[in-house]
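Asker: In case you want the letters, here they are:
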Amino acid sequence: MFSHVLCAQEPDAHSIASLDFKVSPAGDCSVRVNGGETNPNGPPTQVLTISCQGKRLLSYPTQDALVDLFLNYPHDDRVFARWEGGSHVRFTIFRVSGNPSVGTVVFDKQLEGAPDVVNTPDVLLVHSGRRWLDGQAASLPTSTDVYRWTDGQYLLIESWRWKEAMRYEDRFCVLDVKTLSCPVTPLPLK
Amino acid sequence: MSPYFPPTQVLTGMISSLNFSGQSNKLIGCIVSTESSGRPGAKNPGSSATGLMGVEKIGAKDVAQHGSGGTFGGMNSSQLYTHMTDPAANIATGTSLLKLKIGYAKGNVQSGLDSYGTGAPYGQNELGCANGH
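Chains as they are written, first to last, in our numbering: chain B, 827 to 1016; chain F, 11 to 143.
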């Protein structure tokens, strides 16, 4: 049900991380993230590039720093990247599609924490808000948005507010609210 | 917007002493409220954000490598990050990081705040908070 996190390959001397994947019809592709301190007066910048069959399809620069790269089996046309910056998480999803193949950014948001990536159904659970529990350092989200992969894009299909009874492990119950007795109330879509 | 949790008197004094951001102490109090509701031990379950200002590992690294505001006893980024539940170290690091972010945004405070937090309208909200309290 949940995503398979793949270990990135050992990066070469110039890259922070790399990952190989195969997608139809583009064939053998690779993602590589390079970081540089090329400009001492400018912000640290990392650049993610996607290449297929030796041809560069996409270049994505960011001032955030890569945490991890992964695929979401069996949806191997997309690469997921999690970055961190000041106090936020940037979550970016790249897609390789078409013939001739092109690389596109299909999701890119600065979030309070990393979303949950689910493969069946093919959705993202994006959590926001903070509710602090007495005597505990960790917080719970107060709301969750459900984005479903539909026709080549992530569409916001549901938004939920968590009730006080919510536990962190409950956050997947929005996938089947009625059957799982999920402690949520619906929110209007933004 | 998040509810505003005013800093305690002790925290207010700490911010006054350790604010290396070049911005108002009120603004730092607003960021502390948003990121942790004033909880020094705050941990984000979905990221490495820690402590009063929600400083992440990469933020500590940026400050250790480029920060000019605070003195951190020669600690490297990993050592600095391990101290992020210490209120004083967190304020010093977080405000130094904010100064760097604003500098990266060529002095645009709102853009620097957006880069520190969750993007627009984070900066607008924090500046509004600082102007309102």
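Rather than coming from a laboratory, the hints here were simulated on the basis of the structure.
It should be emphasised that the depicted structure is a prediction, and the values quoted were computed from it without experimental measurement.
The beta carbon of each residue, even a glycine, is placed where N, CA and C say it ideally should be.
There's no promise every hint is true.
One-sided and incomplete, this derived list gives chain F residues near chain B with beta-carbon spacing under 7 Å [what the hints assert, rightly or not]:
(1) Glu45
(2) Gly48
(3) Gly56
(4) Ala59
(5) Asp96
(6) Gly127
(7) Thr128
Asker: Now tell me if each hint is right for this structure.
Answerer: Here is what the structure says about each hint:
{"no.": "1", "hint": "Glu45", "result": "holds (6 Å)"}
{"no.": "2", "hint": "Gly48", "result": "violated (10 Å)"}
{"no.": "3", "hint": "Gly56", "result": "holds (2 Å)"}
{"no.": "4", "hint": "Ala59", "result": "holds (5 Å)"}
{"no.": "5", "hint": "Asp96", "result": "violated (13 Å)"}
{"no.": "6", "hint": "Gly127", "result": "holds (6 Å)"}
{"no.": "7", "hint": "Thr128", "result": "holds (5 Å)"}
Checked against the numbered hints above, the structure violates hints 2 and 5; every other hint is satisfied.
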